[in-house]
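Undergrad: Below are the chains, spelled out letter by letter.
There are 2 protein chains.
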Amino acid sequence: MIIDCHGHYTTVPAAHKRFREQQLARLADPGLPAPEPAQISDEEIRQSIDENQLRLLRERGGDLMIFSPQASAMEHHVPDPETAVAWARACNDLIHRVVTLYPEHFAGACQLPQTPNGPLEDSVVELRRCVEELGFVGCNLNPDPSGGHWTSRPLTDEYWFPLYEALVELDVPAMIHVSASCNPNFHALGAHYLNADTSAFMQLIEGDLFAEFPTLRFVIPHGGGAVPYHWGRYRGLADRLGRPALDGHVMGNVFFDTCVYHQPGIDLLCDVVDVDNVLFASEMLGAVRGVDPETGFHWDDTKRYLDAVDLPAEEKRKIFELNARRVYPRLDERLGVP
Amino acid sequence: MIIDCHGHYTTVPAAHKRFREQQLARLADPGLPAPEPAQISDEEIRQSIDENQLRLLRERGGDLMIFSPQASAMEHHVPDPETAVAWARACNDLIHRVVTLYPEHFAGACQLPQTPNGPLEDSVVELRRCVEELGFVGCNLNPDPSGGHWTSRPLTDEYWFPLYEALVELDVPAMIHVSASCNPNFHALGAHYLNADTSAFMQLIEGDLFAEFPTLRFVIPHGGGAVPYHWGRYRGLADRLGRPALDGHVMGNVFFDTCVYHQPGIDLLCDVVDVDNVLFASEMLGAVRGVDPETGFHWDDTKRYLDAVDLPAEEKRKIFELNARRVYPRLDERLGVP
Numbered sequence: 001m002i003i004d005c006h007g008h009y010t011t012v013p014a015a016h017k018r019f020r021e022q023q024l025a026r027l028a029d030p031g032l033p034a035p036e037p038a039q040i041s042d043e044e045i046r047q048s049i050d051e052n053q054l055r056l057l058r059e060r061g062g063d064l065m066i067f068s069p070q071a072s073a074m075e076h077h078v079p080d081p082e083t084a085v086a087w088a089r090a091c092n093d094l095i096h097r098v099v100t101l102y103p104e105h106f107a108g109a110c111q112l113p114q115t116p117n118g119p120l121e122d123s124v125v126e127l128r129r130c131v132e133e134l135g136f137v138g139c140n141l142n143p144d145p146s147g148g149h150w151t152s153r154p155l156t157d158e159y160w161f162p163l164y165e166a167l168v169e170l171d172v173p174a175m176i177h178v179s180a181s182c183n184p185n186f187h188a189l190g191a192h193y194l195n196a197d198t199s200a201f202m203q204l205i206e207g208d209l210f211a212e213f214p215t216l217r218f219v220i221p222h223g224g225g226a227v228p229y230h231w232g233r234y235r236g237l238a239d240r241l242g243r244p245a246l247d248g249h250v251m252g253n254v255f256f257d258t259c260v261y262h263q264p265g266i267d268l269l270c271d272v273v274d275v276d277n278v279l280f281a282s283e284m285l286g287a288v289r290g291v292d293p294e295t296g297f298h299w300d301d302t303k304r305y306l307d308a309v310d311l312p313a314e315e316k317r318k319i320f321e322l323n324a325r326r327v328y329p330r331l332d333e334r335l336g337v338p
Numbered sequence: 001m002i003i004d005c006h007g008h009y010t011t012v013p014a015a016h017k018r019f020r021e022q023q024l025a026r027l028a029d030p031g032l033p034a035p036e037p038a039q040i041s042d043e044e045i046r047q048s049i050d051e052n053q054l055r056l057l058r059e060r061g062g063d064l065m066i067f068s069p070q071a072s073a074m075e076h077h078v079p080d081p082e083t084a085v086a087w088a089r090a091c092n093d094l095i096h097r098v099v100t101l102y103p104e105h106f107a108g109a110c111q112l113p114q115t116p117n118g119p120l121e122d123s124v125v126e127l128r129r130c131v132e133e134l135g136f137v138g139c140n141l142n143p144d145p146s147g148g149h150w151t152s153r154p155l156t157d158e159y160w161f162p163l164y165e166a167l168v169e170l171d172v173p174a175m176i177h178v179s180a181s182c183n184p185n186f187h188a189l190g191a192h193y194l195n196a197d198t199s200a201f202m203q204l205i206e207g208d209l210f211a212e213f214p215t216l217r218f219v220i221p222h223g224g225g226a227v228p229y230h231w232g233r234y235r236g237l238a239d240r241l242g243r244p245a246l247d248g249h250v251m252g253n254v255f256f257d258t259c260v261y262h263q264p265g266i267d268l269l270c271d272v273v274d275v276d277n278v279l280f281a282s283e284m285l286g287a288v289r290g291v292d293p294e295t296g297f298h299w300d301d302t303k304r305y306l307d308a309v310d311l312p313a314e315e316k317r318k319i320f321e322l323n324a325r326r327v328y329p330r331l332d333e334r335l336g337v338p
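For the protein sequence lines, the chains are A and B, in the order given. For the first sequence, my numbering begins at 1 and goes up steadily by one. For the second sequence, my numbering begins at 1 and goes up steadily by one.
Since the hints were derived computationally from the structure, they do not count as laboratory data. Here the structure is a predicted model, which means the values were calculated and not measured. Be a bit skeptical, because a hint or two may be false.
Sample of chain A residues with no beta-carbon within 10 Å of chain B, all distances over it, derived [stated by the list, open to error]:
| hint | residue |
| --- | --- |
| 1 | R128 |
| 2 | N183 |
| 3 | L189 |
| 4 | G190 |
| 5 | S199 |
| 6 | I205 |
| 7 | A211 |
| 8 | H230 |
| 9 | D247 |
| 10 | G265 |
| 11 | L268 |
| 12 | D292 |
| 13 | P312 |
| 14 | E315 |
| 15 | D332 |
Which residues of chain A face chain B? A few of them, derived with a C-beta cut under 7 Å, are [claimed, not checked]:
| hint | residue |
| --- | --- |
| 16 | V78 |
| 17 | P79 |
| 18 | T83 |
| 19 | Y229 |
| 20 | T295 |
| 21 | F297 |
By construction, the Cβ of each residue, glycine as well, lies at the ideal position given by its N, Cα and C atoms.
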């Protein structure tokens, strides 16, 4: 079985995007009526999925995708909590519709209604709703709700603890994933996402979060940002800063996905990071969608790179399936595994 | 000949640090007298260099290091222009002292007196002084003088053009190098530096700077941040965003150093990036200083990794020497090459 732990609903029906536009219009003009989430038919959802994520998942040999709302559209920088709650609910309800239509191929991970330095109660409520009522298996946690201004506190700060307590209790992991960039220095896909991955990892080295929450689990996407490429730097920095070695200190709780879009990058990831910490993912339909003229295959067809990695079959099975089932234990329930 | 293009004077005599403390004290209390740069003897400078950078350079087989002030101590976030000018001058004068004492082993790269969104005239003046009067061969350019708040404009913005005009006229490159982080989200060495490298590269993809300045040259340190590891992502993003292919668009003007502290990272760098764009460097004494218990050698002894890379001797000579002489053409003058 092949589980892709990182896919986004980037192909939502237009009516859902109009709902968002109406939300933003009302923030600009409070005299407008509060919009209602779009009425979207099953047929519209099927059309948006069948020829996109589902087709590609099947063509590439995948079985199940952990599916979450479009990351760049989370827009946590919009500071109104009520708007954030309504938007996250609408996005997550749409994911639930997809999962209900294709229970064998998709499992849900939810968007949280974060706002810049806003209280996390709403996020805890939405997480609980998605996991307990809708059967979601994880969530996306934005370490920078400001959208590139980085005004929030590091992930090791007590600010985040109420959310961590809920994650631990529900036994679901969080993928560390920022949203759109409002800072012209950071292209969302080419800088902000990778910077967030890198920064989050270093915050975890500096802190001691997993002593406080020994069963908390984070997935750092996009192959861990810059981290595996600079693995020697991080091992050396941990030593120089008097932090414990990475394996016990962070790598019992942190996992990297395989959203790295060329063979040498995947080779390095599988070489330097313990295979127990690597989860197969493609991020499709994500940042990069075309065909690499050098290979003739899609950049984000990451299964091809992993197939070509020199690892024993049992190690690859960890990357493709077993690690995901360990990190997202609620998957087994969805998969009907007793 | 082996040229290390990235070394910092991180071992300055204590009196130089006291001068900085006096500067900052006076900013807090303008009633204090304006401090004078420290009086430092040749002997003190020799002591600070002989057993540190020079010893390591020689032990590891290097010949010449392009040497600049301590990056994290540039502190461009301090907004007072007069203080920035005096500090940059003092730091650069000290580099000049080192270069004068060891002309065969060090060449200067200067710190610029940048301030957050401040005018660049002072930086142009100091650049000219260092290159024309002191014989420096390059400079460090901070793309985020705010120190982790990223309030400045992207490197492709016209704000930076006066400096680029001077760099082009003087025929010296700039290394893109941030300073200390004032943002608790970003550890300077473990996140801010790498994020800046990554962000700068993506800014250059988004813009068209080298059409405006065809001979401008940037060295992106720390192995290019996250870029080589995500080379497929950048090639694919350029395509998706309708930008030209990377080789003509940015890689005629952008170079990565080899400050990557493990063998798999250096292997990947040399595999995916054209060897014409890779410059040997160690950053010593820099971010990571200890011994890797897995190899028994210093993390930042990057020459060992390069020696082990599977490349023909003439390609390695480019990385170790010829590329540096091409990117820093004023080196030849210093080396006595006609």
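Undergrad: Would you say A211/A is clear of chain B, with no C-beta pair closer than or equal to 10 Å?
TA: The assertion about A211/A holds, with a minimum of 19 Å to chain B.
Undergrad: Closer than 7 Å between Cβ atoms is the bar; does T295/A clear it against chain B? Give me holds or violated.
TA: Status violated, d = 9 Å.
Undergrad: Is it the case that D292/A keeps its Cβ farther than 10 Å from each residue Cβ in chain B?
TA: Not fine: 7 Å to the nearest Cβ puts D292/A too close to chain B.
Undergrad: May I ask you to check that L268/A keeps its beta-carbon over 10 Å from the closest beta-carbon of chain B?
TA: The claim breaks: L268/A does not keep its Cβ more than 10 Å from every Cβ of chain B (closest is about 5 Å).
Undergrad: Just checking, G190/A versus chain B, shortest CB gap more than 10 Å?
TA: violated (4 Å)
Undergrad: Looking at P312/A again, its CB stays over 10 Å from all of chain B?
TA: Fine: 19 Å to the nearest Cβ keeps P312/A off the interface.
Undergrad: Decide, holds or violated, for the assertion that all CB atoms of chain B are farther than 10 Å from the CB of H230/A.
TA: violated (6 Å)
Undergrad: Going by Cβ atoms only, is F297/A closer than 7 Å to chain B?
TA: violated (11 Å)
Undergrad: With a cut-off of 7 Å on the beta carbons, see whether T83/A makes it to chain B.
TA: violated (25 Å)
Undergrad: Classify the label on D332/A as holds or violated, using whether its beta-carbon is more than 10 Å from each beta-carbon of chain B.
TA: At about 32 Å from chain B, D332/A clears the 10 Å cut-off, so the statement holds.
Undergrad: Confirm or reject: E315/A is not an interface residue toward chain B, with every Cβ-Cβ distance exceeding 10 Å.
TA: Holds, since 17 Å exceeds 10 Å.
Undergrad: May I ask you to check that L189/A keeps its beta-carbon over 10 Å from the closest beta-carbon of chain B?
TA: violated (6 Å)
Consistency with the previously given hints fails for numbers 2, 3, 4, 5, 6, 8, 10, 11, 12, 16, 17, 18, 20 and 21, ordered from lowest to highest.
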